[in-house]
Amino acid sequence: MSELQQEPTSTQGEGRWVVGDPISDTRAPDSPIGDRWSDRKFTARLVNPANRRKMSVIIVGTGLAGASAAATFGEAGYHVKAFTFHDSPRRAHSIAAQGGINAAKNYRNDGDSVHRLFYDTVKGGDFRSRESNVHRLAEVSLNIIDQCVAQGVPFAREYSGLLDTRSFGGTQVSRTFYARGQTGQQLLLGAYQALERQVAAGTVETHIRSEMLDLIVVDGKARGIVVRNLLTGAISTHFADAVVLCTGGYGNVFYLSTNAKGSNVTATWRAHRRGALFANPCYTQIHPTCIPVSGEYQSKLTLMSESLRNDGRVWVPKERGDDRAPNDIPEEERDYYLERQYPAFGNLVPRDIASRAAKAMTDAERGVGPGGLGVYLDFADAIARLGRPAVEAKYGNLFEMYQRITGDDPYEVPMRIYPAVHYTMGGLWVDYDLRSTIPGLFVAGEANFSDHGANRLGASALMQGLADGYFVLPTTVADYLADGPFEPVDEGREEVREAVDATRARIDKLLAANGNRTVDSFHRELGHLMWDYCGMERNEEGLTKALERLPSLREEFWRDVKIVGTGDGFNQSLEKAGRVADFLELAELMCIDALHRRESCGGHFRTESQTEDGEAARDDENFSYVAAWEFTGTGAPPVLHQEELDFSYVHPSQRSYK
Amino acid sequence: MRITLRVWRQPDADSKGKMVKYQLDEVEEDMSFLEMMDVLNEKLIMDGDDPVSFDHDCREGICGSCAMVINGTAHGPQKNTATCQLHMRHFSDGDTIDVEPWRARAFPVIKDLAVDRSAFDEIIKAGGYISVNTGAAPDAHAIPVDKVAADDAFDAATCIACGACVAACPNGSAMLFTAAKVTHLNLLPQGQPERQTRALNMLAKQDELDFGGCTNVGACHEVCPKGIPLATIGKLNHDVLGATLSGARSD
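Protein chains in written order, with my numbering: chain A, 1 to 658; chain B, 1 to 251.
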């Protein structure tokens, strides 16, 4: 908290939060938007190659942002320690991204440009993102594709040997590069291979099955982390001149999401408790095309790539409660509601709009499948128009995945889909340099809040992870390290002992409870609560209910959780318990953030704030800011610091996809 | 459905393991195999017993974490399907199902069904990359890639490093894994400068680790959830032969 005053100026929301001083400086250069990144690159200080060997950087998480950053810092000659709780860096959840990665290459000559990608992203984010960061993202998108191709990422190609692209939601150009339905896998393997090359070169040290459980802050600077070895249970400390968190999003607070089972908020939440502000926690992306829930045992939800909306048509029966098989419902009795309501974008409206439209249909009892919680995504027209082989070439693996999970063949019967939690736009607050409010702590990829505003466009998460890791952090972390190397830290320091003792105490407390409920049963209950009151639609009544329940649920968890075994070895229930404990705290901040933002924007839909035809109604006069929250104690009212958003290049308007 | 499970339980790497029988009475056919294991674990925890350890994460068949030998077959009965994507509708009421970890010298058991596959990272480290630093790339369209080569490279690159190939191989060989990466990179123009050393170094590393040799059995391909073609092994051997004849040496 070096740059912010902490004195509260007023208390609001019945004492649920406190308003503190605004954030005035994001460290972005003042120049015209197109020059800001080149100006920053020039003003950023450099570290001479001989000195880089003396500097160390800890990187937590080895997904797209973490692996690309670790590889690039290694190439530059820094000493890098990369941590992952997985058994290999290659298993990070970036691997599961299906559809593609955006870049303003304009290879299609369809009117794309850096400025258009910038514009689409700011608009897609419903005017709640920072212009400077988004413009840089659009600029750097060009280099990402070049870098990945050079690494051997096998993108889809035309017969000419040149790269193929496709369209994604919220855009009218074709700028999404892809590798069948496995783009995230191929990009991550590219970054992972670059990382392993640096491991071979001796610049990067990887620590697998190692989970960060606390941040070590010494003399006001982030200097290290506390880590638990998941195989032996050993708690150790690691020190460096800078710490970078690339630990992904927190969608698993909802229990059911498209995130991997291990995805969690622990690293960023622990940093938040140590003083890093958490920005816009309520901005959650609900993805419209996922396979519907089939039963209470369900452990996760599976995404069907947005790319399917290029050729699939979304519909429900016109009549309520029509339970005929889809192929028995004649054309004139079907409602292709996205095409009807949004003729300009049709099935390719942004994710938040498509999700809410599906919910409106199921709320009106026109949903399909078990429990009526689904809508159809139909490929019959595409198969008739393009032929089955062409559809198979584009989407074959997705169709197979659908069939494996549901037992239905989407070539014959339309898919059933329903929205599910997919991505979190919120995250730790960072400035233009991706610095958190703790000096020396940088945050990249989904773990930060920076680029997507209140709604992320499809194929932009991969772009942001790699932009941050390959191109932004190497410049901005070097600028910070130009003041280093810093005075060595060791385990004798009071701050270090305190962090280690606190970590041990938490583990002991979890194991000591020996209660009557499993970790999963608490996690499920938390998920239901969040989905019902802080999900696709939020309102004051529901959020207040959630905020009344959360403290008691947290208390019950610590009193009644049951974990078998000890902390001295491989204990997966214990790992889960620590993560759920942090989700229980985060959930409260999400609800407070959602309650305080009395407007609708992007993925945050307040039922009290909508237009006559049910679209999200923003309140730019009162809410055109980033809400960055300061931790003041578990259950204590957090302090709100507002970063006013400036729109000099893209003027806020009511988003229209009609 | 009523299902009887016989699960390999082994407290740690140094202890002896054994098969333990469990009975589940309410298995639904829409459950995934891992969701059934979750149900078992919830029951074990409530009974005060240690839940079964197993690696898993994405549950979408892409991260490569899950790894169970089901009724003697790596990843179970459904072709081209990882354990996490296998659903209970492929089993019947009253079935007894054996669940075991990968068994290979190079993949020691950590606990129960979880094994150590870090040897795969060692093979990649030996040459499974193209040496290009960040920032050193030409425009993406400067290097056109023949579509057929690009598609074949992609097919090989879809390997998820689950290790089923090693578990299924009577020799415990990692040949399909190594060959998939060599094929992916060596088919592309970007991969040509390091083509020979890559093939030699990765194969040498594989031999140095605890993997067995390849005798062209083909069991690896049969269990591969991504259907990596056996032809990749031919491609690896071809590149190793070419490198050897041209006098290249592994590092």
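Hint data in this document are derived by calculation from the structure and do not stem from the laboratory.
Please note: incorrect hints may appear among the correct ones.
Below, computed lysine-lysine pairings styled on DSSO-like, alpha-carbon distance capped at 30 Å [what the hints assert, rightly or not]:
| no. | chain 1 | residue 1 | chain 2 | residue 2 |
| --- | --- | --- | --- | --- |
| 1 | B | Lys-16 | B | Lys-147 |
| 2 | A | Lys-576 | A | Lys-658 |
| 3 | A | Lys-576 | B | Lys-147 |
| 4 | A | Lys-54 | A | Lys-41 |
| 5 | B | Lys-16 | B | Lys-43 |
| 6 | A | Lys-576 | A | Lys-562 |
| 7 | B | Lys-16 | A | Lys-562 |
| 8 | B | Lys-43 | A | Lys-54 |
| 9 | B | Lys-18 | A | Lys-576 |
| 10 | A | Lys-509 | A | Lys-562 |
| 11 | B | Lys-235 | A | Lys-576 |
| 12 | B | Lys-18 | B | Lys-43 |
| 13 | B | Lys-43 | A | Lys-562 |
| 14 | B | Lys-147 | A | Lys-562 |
| 15 | B | Lys-235 | B | Lys-147 |
| 16 | A | Lys-562 | B | Lys-21 |
| 17 | B | Lys-147 | B | Lys-79 |
| 18 | B | Lys-43 | A | Lys-509 |
| 19 | A | Lys-318 | A | Lys-545 |
| 20 | A | Lys-509 | A | Lys-545 |
Anything over 12 Å on all C-beta distances counts as not near chain A; from chain B, calculated [claimed, not checked]:
| no. | residue |
| --- | --- |
| 21 | Val-20 |
| 22 | Val-52 |
| 23 | Glu-208 |
| 24 | Asn-216 |
Where a beta carbon is used, it is the ideal one built from N, C-alpha and C, also for glycine.
Checklist line | Hint check against the structure, violated hint numbers in rising order | finding: 1, 2, 3, 8, 11, 14, 19 and 22
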